[in-house]
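Trainee: Following the hints, complete the assembly by docking chains U and G onto the known chain H.
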Amino acid sequence: MTRKITTRAGFVAMGAALALAAGLVPAAAQQQLNIGFIAPTTGFLSQTGQDMVHGFQMYLNDHNGMLGGAKVNLIIEDSQAKPDLAVTKARQLVLDDHVDMFIGGVLASEGYALAPVSTELKTLYISSIAAADDLTQRQLDKYPYFIRTTWASSQPNHPLGQWACDQGYKKVVTIAADYAFGYESVGGFQQSFEDCGGKVIQKIWPPLGNKDFGPYIPSIKSDADAIYSLMVGPMSPQFPKQLRDAGVKLPIIAGGTSYDDYNLPFDSDVVVGDVSALMYSAAIQTPKNEAFVKEFRSKYNEVPGYYAEANYTTAQMIDEAMAKNGGKFPGAEAFIKTMLGLKIDSARGPVAFDDMRNPVENIYIRKVDKVTLFGDDKPALWNTVIKTYPNVSQFWTYDKAKYLQQPVYSRDFPACPNCE
Amino acid sequence: MSEKAKILTVAVVLLAFAWVVPHTTSFVVLLATRALVFAILAMSVDLLLGFTGLASMGQAAYFGIGAYLTAILATKYHFGLGWDFWLVVLFAMLLGAATAAFFGLFAIRATGVYFLMITLALGQCVWGLAYRWNSLTGGDNGINVTVRPNFGIDLTNQRTFFFMILGFFIVTLLSLYVLVRSPFGRSLEGIRERELRMSILGYNVWLHKYIAFIIAGAVAGLSGVLWAHTNGLVSPETVVLTTSVDALLMVVLGGAGTLVGGAIGAAIVFGLREYLSTIVPWWQYVLGGVYVLTIFYLPTGLMGLPARLRQWRASRTNSTDRPALAPVRS
Amino acid sequence: MNAQFWLIQIFNGISYGALLFLVGSGLSLIFGVMRIVNLSHGSYFLLGAYVALSVIWTTGSWLLAIPVAALAVALIGLVMERVFLRPLGFDPLRQVLLTVGFAFLFQQASLDIWGGNNMEIEAPAALSHSIVVGHLYLPLYRIFMIAMALVIGIATWVAMEKTRMGAAVRATVDDAQMARGVGIDTNRISMFIFALGAALAALGGVIGGTFLGVYPGLDFEILPLAFAVVIIGGMGSLGGAAIGAMLVGLADNFGKALFPELAYFTLYAPMVLILAVKPTGLFGRE
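Protein chains in written order, with my numbering: chain H, 1 to 420; chain U, 1001 to 1330; chain G, 2001 to 2286.
Simulated from the structure, these hints should not be mistaken for lab results.
Backbone N, C-alpha and C fix where the C-beta goes; we use that ideal spot for every residue, glycine too.
Hints should not be assumed to be uniformly reliable.
Unchecked claim - Which stretches of chain U does chain G cover? Using the computed rule of at least three CB atoms under 8 Å from a CB of chain G, they are:
| # | segment |
| --- | --- |
| 1 | 1093 to 1101 |
| 2 | 1243 to 1254 |
| 3 | 1290 to 1301 |
Said to hold, decoys possible - Restricting the straight-line Cα-Cα distance to at most 27 Å, the calculated cross-link-like pairs of lysine-lysine (BS3-like) are:
| # | chain 1 | residue 1 | chain 2 | residue 2 |
| --- | --- | --- | --- | --- |
| 4 | U | 1076 | H | 402 |
| 5 | H | 299 | H | 370 |
| 6 | H | 170 | H | 142 |
| 7 | H | 241 | H | 171 |
| 8 | H | 288 | H | 299 |
| 9 | H | 142 | U | 1076 |
| 10 | H | 211 | H | 241 |
| 11 | H | 324 | H | 122 |
| 12 | U | 1076 | H | 203 |
Here chain H stands alone, though its shape is the one from the complex (with noise of 0.2 Å):
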């Protein structure tokens, strides 16, 4: 009788004392996801880099340095929108900080200069910016470990185009910088343009960063309809102030990147009436996005652009990711496919992924208009919405196997027949 007491009370005993001490030993240590960030925090996109920074952090510090569970370590680097010293900075981060993934790069040629890396080092690289149409079309399979949150450069230039032809324009002069972003944004424009009945009848490529436009605007063809503009950091406030000083009354279309909505509140009124397509605009009338820009706003002092969007946006979908793996880093690989399977609602609307990792978002077309939005008390220039295209993807209305045959648009592709 006695020893069965005994071994039962020891049992229970031992119960007991095991329950106490699984409730003093303190849950298995918090995971740390280590990230690294790369952008150019100096140097002439600047204030690109550092609107990307804020975004992120934005939303780090509304969920107390947490995502999805994990503690995050971020490691800023400075890239200085050089593809070289960004591709330094990741192999550093990679080897040295030992990070689970990098996010960042802003150029086209960053994106492409950093993808190989992401492959060389079996690393997740997440590209919250750069926008190179390839990294996600035809070099896809040399990029297992690339996944892109924000778009490709032609993607909203195909709405563009159609919205272009609708206006009735029916001949383009098309100006941009000189390097795979401004091609990109070129090419998807003028395909779906021309496809509708436009033509393309001048292409002008200045120099990425150049600011004085004075050799450029006097040869834009007269009898153009209307003027297609790609630019991209200090170029974008310079251009439409000079077009105009010269002149030039064309109504510009553009690519999202020239009208940055966190320069608009320090450009003159020449800017009203420009149009461009992006999939953001800090203009956009949802309660998600008001409490997204006032919040940045009483933050930092600026409206966001889409970088800070971007990025506050891919915080979430890591947020969102990691949390459906158990606080826990599953791996390049399997945390993508994770990724692939959100759909997520941000400040710019419904996001979800294609099969090939970039994502599906509305692309808004906006027009610079004076008024006044989220409680202001006195109007100032906003990328107001006039239409919203839902759910484009980067190969808009084209058969995508057809789409992926021809070549990565280029200053050559596509050609322009109808260009002197």
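Mentor: This is chains U and G only, laid out in the frame that chain H set:
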């Protein structure tokens, strides 16, 4: 130090280097590899500066030509990724030499400051082409060199690649050492010291300088090939003015006229640019400071430090003339 | 490409040349008088723009910014010459490396003081539109740049040719030893010239910064162009700098408009040819 002792020291240091580096982190290996490539470039600068007395502000031109050649052959023609890599090395050296031969026709007539200016201009010509000749060079984007050559050894392994670059460095060092110890090399030093006397003695000064210039171009071209594969990306940044100036600094910092001085200088400059920059944001103060302090306090570079110390100790009372930094002909 | 195209391009080229004259004339003086290869000249340009920004932020006056920036940078130039360059004596290589070192120091300091953003210097409203001449729209600001370059150029020329100080400078350029023999304090002259050169660069920075924007990296972008002006126009010659600046401005403009792929090549190749034939530049004094 006797000649033999010097050679022995260098050999020992190189061996130690070759032993230690692979055991450090991947990042240090990467950094060391990059610095070694620039050390080769620095040697070409040293040949001109330390031995011939010519300060060239445009060596990056031949460096870039070698790099772009490699990148274009690799990406557009799929050439140079197997055993034909060695052909690319040869072509790059020839192209570097040929370009130097062409540029030299304009440059060698000038001396001192004017030589600086004209080599600067020549370097900028190459930069301009790299930047705007989109169809050839990819313009601002540059050209990605993503595949390392495969001729039996696995160069995708960082450590193996490091050894190959080290090998190139050692071979170049030995070759240049033989060159500067030869009668030709001695003549160059004579020209550096007393150009007028050399020409009175009947030496064809122009020709000597010209040949040195061509050889330097070839060596710089070689370093360009290695850089293309080390960096994985060739862009106008490779040929920018700062690259040429950095190379000059590396030589001056390490010690002109020593051939290995450039390697020490390269290690320091790279350490600052690529390592310190990731740790502290004010690294450029250190870099600028190094430039300024070197000029004032280390005119003979780090390699010249032992000699300077000895001199300082020996003649504490006399005011010493600044020991000659390879005087630039003016 | 009609007459309008050519006229506008010439106008643009000349206005760009005006800007280059401001930054190049300073370098030409420094080189001509002191044979110093000043690789921090681009930094003076950029510093001028940054100082102007600070003045505008505190006082709101663009006009005030101009002399303040020029004086501030002149002071920096003065110190640099006196403390760092003079001890080096005539040693081009050391000068190059020293001035580059300072360029890096200035770059980092600018980053720390003003931050890394692209900034704009707002031109006064009076200059912010265009006048119409025939069919041509001529932005007033470009006309202003040309006018400023003319005014400053003429003022400097008058100072050089018609004043005693100027005579002393010219004497130093032509033969420093003789100048000393005649009792001219060549050290004071050197200091003055260096400060003047720096001030000119800073003026270029304020006026050019309004046109190009102000951002880190502008210093090293403008530097080779300044050298192009000096080399083509001739070292030490103000008139040469003016002509060199015009040529560079026009070549740059037309190069970009007509031969975009060779744009910079069309700029630097003539530089090489000129140097090969006449090492001191087109109008250089030796």
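Trainee: So, for every hint listed, does it hold in this structure?
Mentor: Quick rundown of the hints versus the structure:
no.	hint	in the structure
1	1093 to 1101	violated (count 0)
2	1243 to 1254	holds (count 4)
3	1290 to 1301	holds (count 7)
4	U:1076 / H:402	25 Å, holds
5	H:299 / H:370	24 Å, holds
6	H:170 / H:142	39 Å, violated
7	H:241 / H:171	22 Å, holds
8	H:288 / H:299	17 Å, holds
9	H:142 / U:1076	18 Å, holds
10	H:211 / H:241	11 Å, holds
11	H:324 / H:122	22 Å, holds
12	U:1076 / H:203	25 Å, holds
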